[in-house]
Amino acid sequence: MAAPYNPPVKNQDFLIRIALEDMASPGSFKSSPTIATGDFKVAIDGAALANLATLPTVSPAASVLVLITLSAAEMNGDVITLVAIDQTATKEWADLVLSIPTTV
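Just so you know, the sequence shown maps onto residues 77 to 180 in the numbering used here.
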């Protein structure tokens, strides 16, 4: 499979799909999770967290899959770390951290 999927290349757009665990039904994925600005953040080489430039979306619609799109600028590091934390008062989905090592 070619970029922007595999391997993750430093300073190139990258797309990845994940699934989020349902807080109401542990062990199951959340269908059509609600995602708001600030729920997903990125750290480049351990720097401060920043909101993603592109808000992740459920894709395909009405599924458990969440499409994350990282820009070339967000991929400009050796290790890219995604932090996903549902900010609603009663969490809909579980927290997630994903580290992505890049290649050149």
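Just so you know, the hints here were simulated from the structure itself, not pulled from any lab data.
The structure displayed is predicted, hence computed values, not measured ones.
Hints may contain errors.
Stated by the list, open to error - DSSO-like, lysine-lysine: derived pairs with alpha carbons at most 30 angstroms apart:
1) K167 <-> K117
2) K167 <-> K106
3) K117 <-> K86
4) K117 <-> K106
To be verified - The calculated label-pair distances, taken between Cβ atoms and stated as ranges, are:
5) S135 <-> P83: 29 to 37 angstroms
6) G103 <-> A129: 27 to 35 angstroms
7) T164 <-> V85: 18 to 26 angstroms
8) A149 <-> S101: 19 to 27 angstroms
Yeah, the Cβ is synthetic: ideal placement off N, Cα and C, and Gly gets one too.
Which of the numbered hints above does this structure break?
Per hint list: 5, 7, 8 violated.
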